[in-house]
Amino acid sequence: MRVLTCFLIVLICQHGFAAQNAQEYNRDVRPILSENCFVCHGFDEAAREADLRLDVAESALADRGGYAAIVPGDLEASELWRRINSEDEFEKMPPPDSHRELSAEQKETLRQWILHGAPYAKHWSFIRPKKSPIPQVANGEWPRNEIDHFVAAKLDQEGLEPSPIADRHMLIRRLTLDLTGLPPSAEEVEEFANDDDPKAYEGLVERLLASPHFGERMALEWLDAARYADTNGYSIDGGRHLWLWRDWVINAFNENMPYDQFIVEQIAGDLLPHPTDAQLIATGFQRNNMVTHEGGTIPEENLANYNADRVKTLGEAVLGLTLGCAQCHDHKYDPITQRDYYRMFAYFNTLSDVGLDGGGGVNPRPFIEAKTVLATGELPSLQERIAAIHEELRHLKPDVLAKWEENQQALLRQRGQDFALHSIKLLKVSTPNSGAGFDIEEDRFVTISQPPNFGAYDVSMRLPDGGLPITGLRVVFHPDPAAPEEGWGYGTLPQQKPGLDSDAIGKGTFVLTALAASVGSVPGDQVDLHRLFEIQRVTANSWREDYLPKQVLDARRINGWSPEIESMGPVHITLTLAEPIDVGQTPYLTSHVNFGHPGKLVGGRFEFYAMTGIDEDSDLPGEVLAVLKTPFGKRSPQQSELLQRYCADHAEATEPLRIELENLEERVRVLTEKFPTMVMDESVEPRETRILIRGNYASPGEKVTPGTPAALLPPPANANANRLGLAEWLTMPTHPLTARVAVNRIWQMLFGSGIVSTAADFGSQGTWPTHPDLLDWLAVDFVESGWDTKALVRKIVTSATYRQTSATSQTSTVLELDPDNQFLARGPRFRLPAEFIRDATLKTSGLLVPRIGGPSVNPYTPGDLWREVSHYGSTPSTAQTFFQDHGEKLYRRSLYTYWKRTVPPPNMVAFDAPPRETCSVQRATTTTPLQALVLLNDVQFVEASRNFAERILAHSDHDKERIHWAFKECISRMPATKEFDIVTNTLERERKRYDADEAAAQSYVSNGESPRNEEIPPAELAAWSQVAALLMNLSETVTCN
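This note's numbering puts the first residue of the sequence shown at 17, with every later residue one more than the last.
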């Protein structure tokens, strides 16, 4: 009996081993056929050669007149085997002109497959997943949950062993980065490392899952998939409003909305019974597609492109299928017909959006106005701080008022000193495609014809060289006899248009919303004046209330500068430079003049003057000037109050408070008011859907109705043929793809690579899962849990698999046997996403503003990159010119950075952030010198290193303790001896360098807008800033491991 038992054990073990190593059609054979054969002998009937399909057994094994492509068990009789081994170029397969050739290993795989009966199988991802029994493994003590049993079984099969658990310093850093996108603080690291509670790790998991930053971290993956951006894309790439949808996504993850509900509300929230505003906001998912209002494009073609993008996005983001490959013909590799494609297309062809829309910064239709879904619990603290700032501005410190008045009195004494104006000869005027017509008269005047439009003009000119440096530029607007009431310009927009100053229409005024200039050594050079010369001040001889001269430097304000309507004769505005222009070196100037007011109030006739000396105009209102000219002892209480009020609103010393106040008041507005957001809505008259022959909108074919691909499971019996029916089909518990794709995306997020490495393609061209039974077990468990995303994340991060160290010893063979960590014999290690590199830097520096949600912001960006692709209308809504934000908006999380599709944020693109023009579910990872240059030179990172240096210096008075704390704060561990020595030597070297060059120290620590600690000597701060930059540039700092 004992002998029989041993025999059975051996037999079972041998059978198990054989089963594990047996050839699998989907894993081993299908990829070879798909890559080399299916393009001509696959699903696409139009491209099929010799009426032979190798993707289905019926055709491959069929009698073809005395022979067959494949004869199971008989190599010699199999035409496939003969052809792939033929040397005849007319018979060889794949044919030579395909530039494909099977390797010896691939041929051997096909040989074994034919010899063993050429068994076919339905593609694995089209089969409903099921829970396999939990494998029994050799090391039964290692697994902590079901995941580990599947992983350990694979490791046993591959002859590998799991790695030890990571130390607590590594674990808290990995987990905090993975679940929040932010690193832990040194204090959090120490608290966790010293916590002797055996459930400390599980407690940390729960704390991070409950963090509001969890939703931000999870949202990033979905925003990529949904191609979220703040602009419309295409050539014009104007602005749009969809941030309420972005905040809905964040809130959905934080509230742990079931994933099936998450999908249903985004695809068909408007079709639910009595939809809420939140459910309508959710439908912005399929309004994230690019749109255009470009002249010359065809609305019907545009609509076809919009819906094609929606089908592609749905396929890759939810189904993991490349449905877009069936737009012009049947899919060449997967069983998706062109008819299937246009039936999916038909679900979205019922929307009420239009083919040409989105101009002038107005949301493409349809859109609603709604409040944010974010909680408003922070309102009391916001209002309290606003009240405190108002109080502080009402009661300025005496020294602030005295210093401001002293500066103003000095400026008044200098007014008109050596002042002179010099006429400028105009060379050329150009305008983007939306400007009004124009002429140049007498080489001096720009004259605008009517009717006007949003007028943006680039005026090229040669500066007069009178031997004196140019200190400023003046633009003079002359009355135009052809203008209404012989004023200075024109306005034609109907009075009900939002933002219109109706008093100005018909009175011949204008609004100059932006004025800038660039200088160069040859005509047309675009060396930006604002980069080379600081604008000291902007003055004018007339202005209306709320239309101040200085507003031309901040074209986010549509009410730029406009003169008093009652003014007579010429009016002018002057830019005074902080540093004069040497005409001998840069004789040519180009001025950018923009009339971007919604009232289309355009100046009709204007000329330019170069200024030498000091401008005779003041930028102060007349009543303020009168107070300054009144002796201090003779001022009335009302005059003193007026002066204090004006100082509070304009003094440089109060600017940080004013910026903070503006940001706080905007935050209150965000939480309490309604904002426009794009939604989905059914058209009153549904469009007819036809198969477009070769994908051409102008070649309609057979009419089709909404439906799902025939190769997949049918929709529920009672499902409607609309988007709600589509959403119900996608979230059926028996659906073979939806749960698998969602699980795989989260696995990819936590391990750097999915169980299926081709996250967007679970079809024939996709990769075989590294752990197919594990993927299916997790997918079924996900559905059984009620589509609970947090439960899925919790399951993965509490596994022993996730907790392994990513480090390998020098004697370990794991890197040789599994260089890509497919079998998970060690912990995950991968570079952080671009956004989290910046976020981690801000967090470590102490600059991060962790507020959740709200409108997108414009932190630092190099130069005026947007202008390279801009068209017209330089206001924020049209997104044609970059206007940097200030204050806390510079330090928000990268998730909230304004995303212009044609010019994404450069410091994120450098780290492989996608442009978000189309769906992206998998980011590339490159390593380039540009990335190091970003970390070393981008003003955001240089400023962060200085602020981190201030934190390091504040931590201790001793260098050793400072360095130890800096390491823990930056990478969650203590330095090794060699690392400590390198940092110490760097510190001493930088101290010597900056002690000898005070100007360089001052320059380095002056980067960015955040105020620096003036009590720290610049040389010491610069030296520690270099140390901080060194730590922030470590590979370990930008890596999750």
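Just so you know, the hints here were simulated from the structure itself, not pulled from any lab data.
Treat the hints with care, since some could be wrong.
Stated by the list, open to error - Keeping only pairs whose Cα atoms sit at most 25 Å apart, straight-line, the calculated DMTMM-like set for lysine to aspartate or glutamate is: (1) 147 / 44; (2) 690 / 977; (3) 146 / 222; (4) 138 / 65; (5) 441 / 422; (6) 806 / 65; (7) 806 / 240; (8) 645 / 595; (9) 138 / 222.
Since the model is a prediction, treat every value here as computed from it, not as a measurement.
Verification of the hints:
1. For the suggested pair residue 147 and residue 44, the alpha carbons sit about 23 Å apart, so the restraint of at most 25 Å is met.
2. The suggested pairing of residue 690 with residue 977 is violated, with an alpha-carbon distance near 50 Å, which exceeds 25 Å.
3. Distance check on the hinted pair: residue 146 and residue 222 sit about 29 Å apart at the alpha-carbon level, beyond 25 Å; violated.
4. A hinted pair counts as satisfied when its Cα atoms are at most 25 Å apart, and residue 138 with residue 65 qualifies at roughly 22 Å.
5. Only pairs whose Cα atoms come within 25 Å are accepted, and residue 441 paired with residue 422 is rejected, the gap being roughly 39 Å.
6. Distance check on the hinted pair: residue 806 and residue 65 sit about 49 Å apart at the alpha-carbon level, beyond 25 Å; violated.
7. About 20 Å separates the Cα atoms of residue 806 and residue 240, which keeps this hinted pair within 25 Å; it holds.
8. Simply put, residue 645 and residue 595 have alpha-carbon atoms about 28 Å apart, too far for the 25 Å limit, and the pair is violated.
9. Restraint check for residue 138 and residue 222: not satisfied, since their Cα atoms lie roughly 41 Å apart, outside the 25 Å limit.
The structure fails to meet hints 2, 3, 5, 6, 8 and 9 from the earlier list, while all remaining hints are met.
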